[in-house]
Each structure stands twice: as C-alpha cells, then as structure tokens.
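Undergrad: Letter by letter, the chains look like this.
There are 2 protein chains.
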Amino acid sequence: MAKDPKPRRPRAETPKGFRDYFGPDVTERKEMLDRIAAVYHLHGFDALETSGIETVEALGKFLPDVDRPNAGVFAWQEEAVPGGGSGDWLALRYDLTAPLARVAAQYRNDLPAPYRRYAMGPVWRNEKPGPGRYRQFYQCDADTVGAASVAADAEIIAMLADALEAAGIARGDYLVRVNNRKVLDGILEQMGNSPWFDYSPHGPQVGGTIHSSMKEHDNALFSREDVLRTVDKFDKIGEAGVRELLTTGRKDASGAIIPGLGLKDRQVDPLITFLRSRGSTNTETLNNLRAAVGSSSIGIEGVDELAQIAALLDAGGMGADRVVIDPSVVRGLGYYTGPVFEAELTFEILDDKGRKRQFGSVAGGGRYDDLVERFTGQKVPATGVSIGVDRLLAALREKGLAGAQAQGPVVVTVMDRERMGDYHAMAAELRAAGIRAEVYLGNPKNFGNQLKYADKRAAPVAIIQGTDEAARGVVQVKDLILGAKIAAQASVEEWKSQPAQVEVPRADLVATVREMLARETGAQ
Amino acid sequence: MAKDPKPRRPRAETPKGFRDYFGPDVTERKEMLDRIAAVYHLHGFDALETSGIETVEALGKFLPDVDRPNAGVFAWQEEAVPGGGSGDWLALRYDLTAPLARVAAQYRNDLPAPYRRYAMGPVWRNEKPGPGRYRQFYQCDADTVGAASVAADAEIIAMLADALEAAGIARGDYLVRVNNRKVLDGILEQMGNSPWFDYSPHGPQVGGTIHSSMKEHDNALFSREDVLRTVDKFDKIGEAGVRELLTTGRKDASGAIIPGLGLKDRQVDPLITFLRSRGSTNTETLNNLRAAVGSSSIGIEGVDELAQIAALLDAGGMGADRVVIDPSVVRGLGYYTGPVFEAELTFEILDDKGRKRQFGSVAGGGRYDDLVERFTGQKVPATGVSIGVDRLLAALREKGLAGAQAQGPVVVTVMDRERMGDYHAMAAELRAAGIRAEVYLGNPKNFGNQLKYADKRAAPVAIIQGTDEAARGVVQVKDLILGAKIAAQASVEEWKSQPAQVEVPRADLVATVREMLARETGAQ
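If you read the protein sequences in the order shown, they are chains A and B. The numbers in full-length UniProt numbering rise by one with no breaks, and the one at position 122 of the first sequence is 122. The numbers in full-length UniProt numbering rise by one with no breaks, and the one at position 391 of the second sequence is 391.
One or more of the hints may lead you astray.
All copies of an identical chain are treated as equivalent in the list; a pair is satisfied when it fits inside any one copy or across any two copies.
To be verified - The calculated lysine-lysine pairs, modelled on DSSO-like cross-linking and capped at a C-alpha distance of 27 Å, are:
(1) K399 - K353
(2) K353 - K233
(3) K379 - K456
(4) K379 - K445
No wet-lab data here; the hints were simulated from the structure.
Isolated chain A, as found in the complex (with noise of 0.2 Å):
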C-alpha cells in the first residue's frame, strides 16, 4: 500500500433521479407561476409557505412499527436528545396538501373561516427514477378550507380555468371538466349494491398510486375501484366491452381472457347510462344523470350539486367552452369526496412514435372533507385544485409561448488589458439604459475566444474598442444575430446594404445598441 494515498476525488453528479435547472428553465417557469399567482390573488387566496421539512407524525405516512420507514418520501430519524429518549422522525413534504392540513389545525383559531391558501413549492417523493420522472418536482396549489358549500368549489373551477388563460393557454385549447364522486356512488347503489362508503381521506398519492383508506360494507358485490377501472376504459373498449367487463369476462386484443366481475345485464344499465349522459349542453347532461341515479338520494344530491355548479358558473360568465358537466372523469373519483375536476388541453402533439394525440391533463381537483379531522377529530371541509407544473410548461413549449432561445446580454469585448475601466463604463452606461449588458471576464488575449463566448451566451450584439479607436474616440458595433445570418445565407449585396458591424461615435453608443436590438427584436 502507498504510504499516502491520494483521497479519491468526489464525482461531480446530480444525484439520482435530480435534475439541475439552467436560466430560462428557471425563469421561464417562473413567470408561468407568477401568473398564477396574480389570478390566485385576485380570487382572495393569500400566499403559504410552510418549510420543506415536516414531522412523519403531521405526515401522517408511517407505521410505528417500520424501523427505516422511508418508502415513498425522504426520512431521517434525528439525533437522540440527551436523555430525552430518541429524536423525532422528520421527512420530506411529498404533496402541499398534508402541509396544508397541519397548518389548517395547527392555526385554526387564528386563520380566517373558510381559509383561502395558496402554495407553491417544490415537494420530493423517494422513488425509483425514471425517464422523465424525478425526485423532486413543483406543484402549485389553490385550496379552500372550511366551506361545505359548493359554491367554493365552483369558485375552484372557475379559477382554474382563468389560471390557465393567464398561464398562456388560449381559450378553446382546454377545457375543465367537471364530475360528482356523489353521482358514481348513486349509481353503484341503482347497481344494487349498497356499500357501506366511507369516504376517503385526502390521503398523499404517493408515487403516482392513490392511497384510499376507504373501507366498504363486507358485504358489498364489488367494489368501486373495480368499476373505476372499468369506467376509465369506456373511451377504449365502448359500452359492449365494459358490459363485457362487469358481467362474464372479455377476451383482450392479445386473447387474453379477462374474467367479469359477474354482475347481471339490468344491473350495468345504470352504469351504461351514466356513462352515455354526457349531453351536447350542461342541462342535458345533468337531466340524463338524474335519470341514471333514479332513486339514489346520494345520487340525487350528487347531481343536485353538479347542477349547482353548473349554475354558479354560468353566472360568473364561464361558457361550455372552458368548463362542462362531463361524467367521464373519473381520476380521482376513488380519491374525492365530492365534486371532482380535471383540465385538459384539448390541441394535438405528436407523441414519441409521431402519432397525434391531444395534450391531455395539466390540473385536477376535487373536494376532501376529512383534512383537519386526523389532527382535530372534527371534519373539515376542503376542496383544491393541482396544477402540473412541469406539464403545464411544456405545454407552453409546445405552443411556442416558452422554450425559445433566451437572448442573452450585450457582450463589451476587451482589447485592452489596462482599459477595463472604460469597458466597465459602457457596460453600466448600457445597464443604465436598461439593456443587459456584461464585459468579458475570461482572458482577453486571443479575440477569437471572446467572440465564441458572446456566441454561447446568445449575445445580440458586441462592443469592440482597441486602441486605435479609443484613439479616435469611436467604438464598433457587432451586431451578432445579424452577422450570424450573413455568414449563413446573405448575398454580398445584401452584406453591404445592411452591414452588421458599424464604426459610430462613443457617445451614440447606447442608441447605436438599442436600435440595433430593436430591428433584432423586430426581425424576428
């Protein structure tokens, strides 16, 4: 063995399942939140921001028995207090929503009734990575707590639908759809099954599953997750297929057999018509589910809702082309307890194989009515909304309303060692101007180098001012995009009818740059 080995140099690595995000990654999702968080404002939601780290009590994810008990989120025992026996659990949030539920609590004499918060925040959920899938993500919510009625839902949705617009998706590119966990559940009992439902706490979905501690009567038929599934392949395999599905069993494209959940023909009817309501108006598709739930009083109330809604939102000026009653959503109908919403963008992409398909989801919600009763032993009500932070930006990408080439700062180049001082004045003259302007740090001795730097910076233009121009007290203006499109393609006509570097006095620097930016801005 050497006597003094060398230490191992750390590598430099984004951890696992991590990514590092540079400028307009940054800024651009940003400004798409600030957006959001004007038209939040503007609702009367108020600004929460709760720390990245919570107790694994307040999270309410963990068994007591589980010694390392970190599936699913970041956890890590503190150190043992001296004789206090063994440090608390700390993790990770993995969603703002439990935060929200142990702020709801902890504050609940303090915080106005009902409470409108809204959050933005990273969250972290210890999963295997993937592509395309990391660690830890942004979420942007909006939730009202402490308001039984639907008009807060309604509020929600509305909401939603304007967070969009400010976002950058223009109207007709998405629409908010809106369903009733109430009305699914009138329709399982018109099946004839009568499970004992107690409805779901607003449990973490961690790691894309839903966590549902809803528990059903012993008795029941089946369950509701069984017909959920089933639901949401109604758009794929049609009424035939899911009948197929609820009754004897179905045989897939592969010949697969897929056993049925052995219910009787009359008792998918119900089913059937749900899933057929939805009409060519709000009005048609509630008289159509009324229909479907017949007799169910919790049906009744669950399009006695829906109907409510529609109504809210038609007052507030919200057309069919941005929110619609539509019995097809079913993503989290497991999961709320009352009325639930997603927001689709409706415009075509090609997906990885070059296949047309419409963008699909960037938001949902619903309302939970069990947030603050693990902490109180009293029932809260609450609804909110999610929106997909990630996905919602790249489909800004996709529109073209994000992801272009950001433009970067005016470079000030370096002739002359001992003149810094006058390239730093121009530079903080340009500033002055407002115009984003730096003067190159590197080495100034090989030129070639700091024009290859202004053009990894994306620089729209370059000063140069060697001796000889000092001298004559004049500086060269490179406009580089321009200069960039000559060497490209331009004739030599048109390189001398518009040449992209002009000698002109120091003193018409800045208009000289700014007029240069503008015909760039222009031009494009």
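Chain B: place on chain A using the hints.
TA: Okay, now just chain B, sitting in the frame of chain A:
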C-alpha cells in the same frame, strides 16, 4: 388494556426550528428577490436552480468513518440496492455555493467561461434551533466562476450596490466596504511571521462557524485566526487594547486577564498602521496600505488589486457614497482568498434594549479560488456575493418599505343563499376590473360572522345585497376602512358628510368600489 385502543391523534406542529410564512411574509420576500434577480439578470447573470438534495460526496462535508454523519446538515442513507451494496448518502444543501461547485465541475465543457450565475432558494442547517435561528432559510447568491481578473470582483461589488437600491435601500443608507485578504497576509509578513499560507477553499460555513482548512507552517509565530480575532476588537478596545492583546495581555472590564500573544511592540506596529489606514478617500487609504505592507510581495499584490477595483468602480460611476476601500473589514478574511466585501446598512435602529445601533451587515462575499478543484484537480478562480435575505427583508420593514398590513379582498357578503350566482357574478365583475374580490363562503346565516370574517381578511370594502336591494336593482357598498375610523374617532358631522356605506345602482358596483379604494389608498 382496552380492546380497541383509540390511536393518539398526531400533533399539528411546525417541526422545531422551522417556521410557516403567511401571506405578505411570502409575497414581500418574493418581490424583494424579484427585484434583486432583475439586477443580476441585467448584469448578464443567468439563473441556476439545483435541487435541494445533493449527494454527501458532492457536498464534501463528511468523514467516511462516521456512521451517521449528519452534524450540521440533514443527511440520510438511501436504501441499499439489492445486490449492489449499501445505498448512497444524500443530504439537503446547506448553502448555494457547494451545489455551484458541483455544477461548475459537472458541466465545465458546456457552460460559458466565465460562468455568471445567480441562485435563490432555501437551504437547510441541522442546528439546534434558537430564537430567530431557523433550520431552513433563504439564500440569494451571485457568483462568477472562471474569471481570475479582479474586474469580476469589481463587477459583483457594483452589482451588490445596485441590488440593494433595487430592493429599496436608499443611497446613503448602505455602504459596501472592500478589503483584501492578501493585504492582511502582507501585514502578517511584515510582523515577522512568514507562515506558508495554503489559501482556504470555500468550505461550508455551517452553524455560523467558519470551517477553514487553512494550514499554516509549523514555525508560524501565531496563527492568522489569533490576529483576526484581535483585529475584530479594534472598534471596541482601540489601538492600546489591540496592542496589549498582541503583546503582554490585557485585563478586561470584568477584571479577568486575557493572555497576550507575546509579540514585541515593533512587530505590532505594521498591524496598527493597517488598522489606522482608512483615509478620507480611496487614494489616501491605498497609500496608507502601501506603507503598511512595506516590501511584502503578497501585500503589494493585495494593494494593487484594491487599487484596480477602486479604479473600475470609479469608471462605472460608483462613488464613495456607495462603495469604499476599508481595511477594517475582517469578516471572511480567514475564509476568502483575495478581495472581500461586506454591505452594511448605516441607518440606526433600536435594539432589544431600546438602544440605538446601526442596522449592520446584510450581505457579503469575496474571492475563493479553489471552488472546483475538489472535483477536477484544476484550480478555477471564482468570486461571489450572498445576500442575507431575512436580514434585508427585516431592514425593509424597519424602513416601512414592507410589512404593512396587506389589503385584503373586497368581500361580497351572502344575504340570500339562493342567490349565490348573483354574488359570484359581482365578484367576477370586480376581478375583471382588476379588483381583488371574493364571495363569502362560510355559513351565511349569521351576518355578523360575515363582517367579522371581512375584518379578519383586512377587507377594504364589503358588498351587501339582500332580497329587497335585489328587487330594487341596487347594492350596498360598505367602506370598511372608513367605517373602522368612524367607529374609532369621527364625530357625527364627519359621519354624515362622508358616510361609510352607500347604496348605488347595481350597474355602478365596480365604479363605486374603484372610487372607494382610490379614496382609501389616497388617504393612507
């Protein structure tokens, strides 16, 4: 034991050492950071956002032989990979510089060189919580990696002054003071000490303690830290006190004897000259420093660098009212490798005991040239600044520039549950006019509760429309701010001349509210 013990309810508590930020706490910090980011951007700095989690290896804070190496940081071990040995150690970042070092090494072939970046976000410290000491807080940094020239330091110093003004600190209320570690090293040489200085890398500043890996020659007469500690007391104990501490020792106010370092008087002279070198102009200060460092080549280099910085700041129009060369800056001198600087707020505040004192430091930075070396083996010059986000926000509050009671939304009250649609339409109209507005969403039965709610929300205006008003096509618009004033102080005459509640046609709702808000804003 009970047969079915009821599980204990979880405690709804912010974890110890963390805090929750409500409403203006969030938005005021965000606005301040937005204004600072705009300055950074204007100077050509690009945003960078790394995740909160890094590998312990990349953070470089841990010894391999420590089993649970989480002193100072929050760290945990990933679950073992089946068949792949033990899992990686991960940790929450404790500052924004360590992740920058990792990024600069990892992407060194892709990033522009020099790389200017800014970063803002939470960092975590696993410290014992105390009053005003939190385990998560914001940092706001700007750094230039890969620029050896002091022009990079000058740029960051000037940018810091601009950023403070953009945040709201008036010129004259702050001063950026600049020093250079190399000057002090020259002084130490002149004092007869010639330690071999291994300039400290930019080690983490955890728990308020500076972890310097500086090694000094075994034959050194005294350590730099000894001298820095003494210099730091110059303001309080004066020349005679410093001289005592460096020579024979000193009796403090309590009568306790502090042993001296055992230097001879003539050895102390250069340090005293250094401490007294701040002149009325930068030129004077630089001349004094040049005299103090004598023939020390490192000292001369340090003074030359300061002279260059002074010239560059001058060329950029940065006057002595904003930035000065000041040898009394010692904070960070043991930490950085070249120029150091500190921004102080010079206005007075009252401390806990009601005594006047200067607000003090809100930002600092300097040059650290060993950032990337840990990873690549190559020295990469770097310089940067970190703004104390909480301190600066506290300063803005002192100045009345933040922290005012935020105005709540206009509250549309609910007199008639059946007419929620009408109330929603009112709120939607107000919002369409850019006025923050909401409908009361609690149980509307008790109208007093609605007004209490409006009060808790700091609502400026309440809208009231009962069945009677609806039938007559009017609404009541209640000025809650004026109402509160009248209740507190106004005479009957004033009340009559400027009634706090007016009845207006429904069509005039928006115009009336807008007028009322303008009146209140004007009156404030």
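Undergrad: What are the numbers of the hints that this structure violates, sorted from low to high?
TA: Violated: none.
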